[in-house]
Amino acid sequence: MARTGTVGGVPGRVLVTGAAGGFGSPTVTRLREQGAQVVGLDVAGGEGVLACDITDTSAVETAVAEAVERLGGLDAVVHYAGIGIPNDAGGPLEPDALRVIDVNLLGAWRVTAAALPALLAGRAGRGGQRGRAVFVASELAYVTLPFVSAYSVAKRGMSAYADALRLEYGTELHVSTVYPGYVRTGIHAAGREVGLTLEGQVRREEVEDVVGTVLRTLATQRPPRDTACTRAGNVELWAARHLPGVVGAAAARQIRKHAAAGRFDGSPLAAGLVARLIGRATERSQR
Numbered sequence: 200m201a202r203t204g205t206v207g208g209v210p211g212r213v214l215v216t217g218a219a220g221g222f223g224s225p226t227v228t229r230l231r232e233q234g235a236q237v238v239g240l241d242v243a244g245g246e247g248v249l250a251c252d253i254t255d256t257s258a259v260e261t262a263v264a265e266a267v268e269r270l271g272g273l274d275a276v277v278h279y280a281g282i283g284i285p286n287d288a289g290g291p292l293e294p295d296a297l298r299v300i301d302v303n304l305l306g307a308w309r310v311t312a313a314a315l316p317a318l319l320a321g322r323a324g325r326g327g328q329r330g331r332a333v334f335v336a337s338e339l340a341y342v343t344l345p346f347v348s349a350y351s352v353a354k355r356g357m358s359a360y361a362d363a364l365r366l367e368y369g370t371e372l373h374v375s376t377v378y379p380g381y382v383r384t385g386i387h388a389a390g391r392e393v394g395l396t397l398e399g400q401v402r403r404e405e406v407e408d409v410v411g412t413v414l415r416t417l418a419t420q421r422p423p424r425d426t427a428c429t430r431a432g433n434v435e436l437w438a439a440r441h442l443p444g445v446v447g448a449a450a451a452r453q454i455r456k457h458a459a460a461g462r463f464d465g466s467p468l469a470a471g472l473v474a475r476l477i478g479r480a481t482e483r484s485q486r
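Numbering-wise (the working numbering), the sequence shown opens with residue 200 and increments by one.
Keep in mind the hints are simulated off the structure, nothing from the lab. Everything hinted at is true.
Simulated DEER-style distance windows between Cβ atoms: (1) D362 to V242: 25 to 33 Å; (2) G244 to P291: 27 to 35 Å; (3) P291 to R231: 36 to 44 Å.
Since the model is a prediction, treat every value here as computed from it, not as a measurement. Heads up, the beta-carbon is just placed ideally off N, CA and C, and yes, glycines get one too.
Modelling step: build the complete structure from the supplied sequences, incorporating the hints.
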């Protein structure tokens with residue numbers, strides 16, 4: 200029989216997107232260890248994970264309905280699903296930038312819309328407790344770096360969507376947004392393949408920092424509206440919200456320094472930026 204309400208402090212019935220990924224998989228394991236029932240969504244299906252392309256509205260509606268049926272209701276949704284493909288902010292929207300926005304932002308929107316009726320209907324079975332929605336964004340939602348504009352737009356949009364959801368459904372639903380720093384997961388493979396990496400440009404965190412933050416957010420009686428995953432992350436989040444000009448200027452200085460040091464010379468995508476910043480053609484641009 201499906202467990203409702205909370206089990207060991209965490210919601211009893213949870214849907215996790217990106218459930219086969221670097222954050223989703225350990226989160227699913229930990230939730231199950233704590234007694235929760237979990238169904239995952241991912242492009243790669245598996246045991247307890249439904250194969251689902253979250254850019255396909257019909258597929259999302261079908262998968263979420265099956266998940267709710269398996270769980271016997273729904274108490275919480277955790278949004279991890281995402282991809283990262285480097286892009287030029289002045290380049291074409293299609294195919295890469297649009298794909299990133301579709302998966303990271305609109306995918307979360309589709310899943311939320313499909314899951315919302317079950318989240319709201321389950322309140323009676325939770326003893327009047329509100330359901331929960333946890334959106335895992337990124338520090339790149341508020342710290343802008345080059346070649347990740349589509350990802351930043353998607354994650355900042357996710358934060359705005361969470362705010363709107365909270366405003367419209369907050370009487371029935373706890374909504375939280377989590378902002379991780381740089382974590383070594385598979386999402387960065389596309390950047391490495393084209394000679395670009397966020398390694399060393401963004402504050403480093405570990406998988407446990409993110410998973411632990413999400414689990415605490417699910418378990419606490421008063422979940423945070425917005426939270427980073429470490430103390431340093433929360434300081435950075437505050438600074439970016441209250442001192443955006445200062446943070447932006449610091450990021451610009453760092454990028455110019457990296458360009459001068461040749462950090463971007465291995466990527467054709469970066470050739471134009473390097474030329475604009477320091478007036479030097481990269482080796483790749485000269486070929």
